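A.B. asks: Listed below, chain by chain, are the residues.
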Amino acid sequence: MYNLLKNERLKLYKKTSTWVTLGVTMGLTLLLVLITSAFTTMDFGFSMSYEDYCRDQVSSLSAMLQDPEYSEDEDFREYYIGMVTNYRVFQYILDNNLAEGDWRIDLADTAFRLSVEAELADPESVGPGEIERMLAEAARWTHMLAKGDWRAYAGEMIEDPPGENLEEKEVYSRIFRMYLEMDIEPVSTKWDYSYEIDLNFDNLLNPGAGKNWKASAVNAIGENELSLLRGEQAFSMSGTVYWTGTPLSDADRTALAQKNRELEVRLRQDIPPVEINSFYGLLETTSQVSLLSLAALLIAAVIIAGEFTAGTVKLLLIVPHRRARVFWAKTLAAVEFAVAAELVFLVISMVICGVTSLFAGAGAMQVTTLFGNTVTMPYMLYFLGKYLIMMLPTLAMVCAGVMFSALLRSSVSATVLSLVMMFGGDIVLRILMVLKSFFGYIPGVKFLIFANLDLSVYFSSPLTASLPSELLIYDSSMTLGFSAAVLAVYMAIFLLIAHDSFVRRDVK
Amino acid sequence: MSILTLEHVQKFFGSRPVVKDLSFSVEEGRIFGFLGPNGAGKTTTIKMILGLLAADHGQITVCGHNVETEFEAAMACVGGIVENPDMYVYLSGYDNLKLQARACGMPLSRVDEVVEMVGMQLRIKDKFKTYSLGMKQRIGVAQAMLRRPRLLILDEPTNGLDPAGIKDFRDLLRYLAKNEGITVMVSSHILQEMQEMCDTVGIISNGQLLRIAGVDELTKNVSGRFRFFVRPLDTALELIRQHIADRIADVAADYIELRVSEEEVPTVNNKLIEAGIAIYGVQPVAVSLEESFIAITGGGNVIV
Numbered sequence: 001m002y003n004l005l006k007n008e009r010l011k012l013y014k015k016t017s018t019w020v021t022l023g024v025t026m027g028l029t030l031l032l033v034l035i036t037s038a039f040t041t042m043d044f045g046f047s048m049s050y051e052d053y054c055r056d057q058v059s060s061l062s063a064m065l066q067d068p069e070y071s072e073d074e075d076f077r078e079y080y081i082g083m084v085t086n087y088r089v090f091q092y093i094l095d096n097n098l099a100e101g102d103w104r105i106d107l108a109d110t111a112f113r114l115s116v117e118a119e120l121a122d123p124e125s126v127g128p129g130e131i132e133r134m135l136a137e138a139a140r141w142t143h144m145l146a147k148g149d150w151r152a153y154a155g156e157m158i159e160d161p162p163g164e165n166l167e168e169k170e171v172y173s174r175i176f177r178m179y180l181e182m183d184i185e186p187v188s189t190k191w192d193y194s195y196e197i198d199l200n201f202d203n204l205l206n207p208g209a210g211k212n213w214k215a216s217a218v219n220a221i222g223e224n225e226l227s228l229l230r231g232e233q234a235f236s237m238s239g240t241v242y243w244t245g246t247p248l249s250d251a252d253r254t255a256l257a258q259k260n261r262e263l264e265v266r267l268r269q270d271i272p273p274v275e276i277n278s279f280y281g282l283l284e285t286t287s288q289v290s291l292l293s294l295a296a297l298l299i300a301a302v303i304i305a306g307e308f309t310a311g312t313v314k315l316l317l318i319v320p321h322r323r324a325r326v327f328w329a330k331t332l333a334a335v336e337f338a339v340a341a342e343l344v345f346l347v348i349s350m351v352i353c354g355v356t357s358l359f360a361g362a363g364a365m366q367v368t369t370l371f372g373n374t375v376t377m378p379y380m381l382y383f384l385g386k387y388l389i390m391m392l393p394t395l396a397m398v399c400a401g402v403m404f405s406a407l408l409r410s411s412v413s414a415t416v417l418s419l420v421m422m423f424g425g426d427i428v429l430r431i432l433m434v435l436k437s438f439f440g441y442i443p444g445v446k447f448l449i450f451a452n453l454d455l456s457v458y459f460s461s462p463l464t465a466s467l468p469s470e471l472l473i474y475d476s477s478m479t480l481g482f483s484a485a486v487l488a489v490y491m492a493i494f495l496l497i498a499h500d501s502f503v504r505r506d507v508k
Numbered sequence: 509m510s511i512l513t514l515e516h517v518q519k520f521f522g523s524r525p526v527v528k529d530l531s532f533s534v535e536e537g538r539i540f541g542f543l544g545p546n547g548a549g550k551t552t553t554i555k556m557i558l559g560l561l562a563a564d565h566g567q568i569t570v571c572g573h574n575v576e577t578e579f580e581a582a583m584a585c586v587g588g589i590v591e592n593p594d595m596y597v598y599l600s601g602y603d604n605l606k607l608q609a610r611a612c613g614m615p616l617s618r619v620d621e622v623v624e625m626v627g628m629q630l631r632i633k634d635k636f637k638t639y640s641l642g643m644k645q646r647i648g649v650a651q652a653m654l655r656r657p658r659l660l661i662l663d664e665p666t667n668g669l670d671p672a673g674i675k676d677f678r679d680l681l682r683y684l685a686k687n688e689g690i691t692v693m694v695s696s697h698i699l700q701e702m703q704e705m706c707d708t709v710g711i712i713s714n715g716q717l718l719r720i721a722g723v724d725e726l727t728k729n730v731s732g733r734f735r736f737f738v739r740p741l742d743t744a745l746e747l748i749r750q751h752i753a754d755r756i757a758d759v760a761a762d763y764i765e766l767r768v769s770e771e772e773v774p775t776v777n778n779k780l781i782e783a784g785i786a787i788y789g790v791q792p793v794a795v796s797l798e799e800s801f802i803a804i805t806g807g808g809n810v811i812v
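Chains as they are written, first to last, in the working numbering: chain L, 1 to 508; chain F, 509 to 812.
Be a bit skeptical, because a hint or two may be false.
[To be verified] Derived CB-CB ranges, DEER-like: (1) F:Leu630 to L:Ile497: 52 to 58 Å; (2) L:Ala324 to F:Gln700: 16 to 22 Å; (3) L:Phe447 to F:His565: 41 to 47 Å; (4) L:Ala485 to F:Pro615: 41 to 47 Å.
[Stated by the list, open to error] A few chain L residues that don't get close to chain F, going by computed Cβ distances all over 12 Å: (5) Tyr2; (6) Glu8; (7) Thr16; (8) Arg55; (9) Val84; (10) Met182; (11) Gly231; (12) Val319; (13) Val347; (14) Thr356; (15) Gly363; (16) Leu395; (17) Val420; (18) Val507.
The hints are simulated quantities; they were obtained by calculation from the structure and are not laboratory data. These numbers were taken from a predicted model, which means no experiment stands behind them. Glycine is no exception: its CB is placed at the ideal position from the N, C-alpha and C atoms.
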């Protein structure tokens, strides 16, 4: 049996097409990495300073405000209030020379909105004394703004938190208590411009976002808690939380609670997230865009079919070994090749990412949840574990390739069908995702192999309040363990079919 | 002792019978020719013997081992080439043989032995795709010989070879049969080479065995014609026409061919001498395998 495996290795390794396939996919992957990292480190034409950006906003807003056409509109009031508020906020930023993300921007927004609302209110329609009450409130916040002390602001927010009910108010006070206790200056997520303030608090932060990570983490905890409280998925953009109306599933609740525990451990142990242009950030990008599973699939697709196409199958099968042994030798060679290719690629990408990032942040730590426990471990360990788990879909593809190979007995058909499965499956899943938002989800879909091939969704912490899981995972009851089990079952079925076909069918 | 036995073997491709109730056996130490027109079921039979196809009915035994139930033991004592000598074209001849040696559990030193046996030492490190057809056939034989088989099965081995190549190949087979003491089964639709190569011939047509016999037997029995080289031819012809006109088979410039039995030859001879005709020679007409084949199969697409 080992001799047969050695034979398969020799055939595989001495074949030019093996190395061409591998070389092309590795080359393409590295090219993708280059493009991706170029995009993330490139300034997207944001060569403008924050000050210039605000000045631009002021001039365009003032032009819009002078247009008389708008002010006649009945439904326009809300929008108009927003525009006037924004105009004043930008003016305030310029006058006080505030930096992007300064906590005062949020406060200014609150204060100015109240006073604009009071100024534009129709005395006939609001209750008696209402305008005075609004003006007094606005004055209180304007006074706070003038004081310029974030601790005083936080103290005020603890005493008089926003929120629609008692529970929500409690969440807000707790968040501001965290700012005070941990001595974290809040950041404003309003009018962030260069993506240096990362709202989603994903594992990979935009370059420069790391300096605000603590405030972002506290914000994220608050958002998640509100989401849990309302039992509704939230979505936040440019400082505003939008409620999607989608109820949280049990799995969503578990994930949000888990996410918050992780964030609290991070804050307590001072473990910043990884930035995208650091060593691990680049490594993550590289493994995300890896096309190696494609190479492994293509090689598996011809490992049996190629012998039929070349006529060498007759030679292969008249040796004194049962066909089953020949089959397992071939399958093992394909699996072994895929694993070896992935490992070699890991080493190559580590070297390349290391050199590119000068190993910046190579000693980083990661906070994650293992079997329900929140644990802290070196990022390297986390990454390697993740890399190994992510090989599972590749192996499933290899098994599918072997099956097509054994069933079709033609290199061309097996290759074409494998490609159709790899890319067609992805398209089918995307269509199902879209259909789901119209007609609700179809129960059986989560058992399809396509729905379980992308395990990265389980690692990319999709369940901050800002990114609903349904955008990434077909069915929120799916977990990493579920997908792994589904893939294992598929692999077993693929191999059984392939084995049966190879062992029983006549070689005509 | 029979080294290969087929008993009532049947094979259908779909509903079409390709091999119908085929039974025969091959004795050890022989070169057995498996003769038949294209589509007669030769390759199908060989594939069944080598386990590539499963027989629908009947059983096949190689060296006493049932091919279906004792596949490994059966394959350990039979080597062969099916259809073309297809090998891994991107590998050298040596690597191709190395693969086969490993699969058959033979030491690598055996590779050198078979390379020498087929005389391919000089080109063995070249890629298989650079070989001529003759060389490919030689590597094919070397591959089949690696496992020290007791039975060597070659499917149409001379297909596409030039006359010199065929002669070389024939010599190789003779050498192997003589020096390695192995039994050879060669299939072909070309009669002439069977006649020159084999001891025994089995004739198959339409999936059925028509006849199995020694080459001598096949060629000897059917003849019964003699050529009389005589002068003057006209006088002799006139004399013969008067007595046994119905026995004339052919008349050429210097001989008359008659359908007579061996016992009748002296009688005819005496009559001619009495008539003053000079006899330069009397020669029995050797019947070619073709004629025998055509007589047995009633024609068919054979290459003469």
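A.B. asks: Does each hint hold? Answer for all of them.
C.D. replies: We went through each hint and held it up to the structure:
1. In this structure the hint that Leu630 of chain F and Ile497 of chain L lie 52 to 58 Å apart at CB is violated, the actual value being about 47 Å.
2. Checked against the hint of 16 to 22 Å, the C-beta distance between Ala324 of chain L and Gln700 of chain F comes to roughly 43 Å, which is inconsistent with it.
3. For Phe447 of chain L and His565 of chain F, the Cβ-Cβ distance of about 43 Å falls inside the hinted range of 41 to 47 Å, so the restraint holds.
4. Take Ala485 of chain L and Pro615 of chain F: their Cβ atoms lie about 46 Å apart, and the range 41 to 47 Å holds.
5. Some Cβ of chain F comes within 12 Å of the Cβ of Tyr2 of chain L; the nearest lies about 9 Å off, and the non-interface call is violated.
6. Non-interface call for Glu8 of chain L relative to chain F: violated, since the shortest CB-CB distance, roughly 9 Å, does not exceed 12 Å.
7. Interface exclusion of Thr16 of chain L from chain F breaks down, the closest Cβ pair being 7 Å apart, not more than 12 Å.
8. Every beta carbon of chain F lies more than 12 Å from that of Arg55 of chain L, the smallest distance being close to 67 Å; the non-interface claim holds.
9. At roughly 76 Å, the least C-beta separation between Val84 of chain L and chain F is larger than 12 Å, which holds for a residue marked as non-interface.
10. Residue placement check: Met182 of chain L keeps its beta carbon more than 12 Å from all beta carbons of chain F (closest about 65 Å).
11. Every Cβ of chain F is farther than 12 Å from the Cβ of Gly231 of chain L; the closest lies at roughly 63 Å, confirming the non-interface assignment.
12. Interface exclusion of Val319 of chain L from chain F breaks down, the closest Cβ pair being 4 Å apart, not more than 12 Å.
13. Here Val347 of chain L stays apart from chain F, with its beta-carbon at least about 28 Å from theirs, past the 12 Å limit.
14. For Thr356 of chain L, the condition that its CB be more than 12 Å from all CB atoms of chain F holds, with the nearest at approximately 36 Å.
15. With a minimum CB-CB distance of about 47 Å to chain F, Gly363 of chain L clears the 12 Å threshold, and the non-interface call stands.
16. Its beta-carbon lying about 26 Å from the closest one in chain F, Leu395 of chain L satisfies the requirement of being farther than 12 Å from that chain.
17. Every C-beta of chain F lies more than 12 Å from that of Val420 of chain L, the closest at about 27 Å, which supports listing it as non-interface.
18. Here Val507 of chain L does not stay apart from chain F, with its beta-carbon only about 4 Å from theirs, under the 12 Å limit.
Of the numbered hints stated above, those contradicted by the structure are hints 1, 2, 5, 6, 7, 12 and 18, listed in ascending order.
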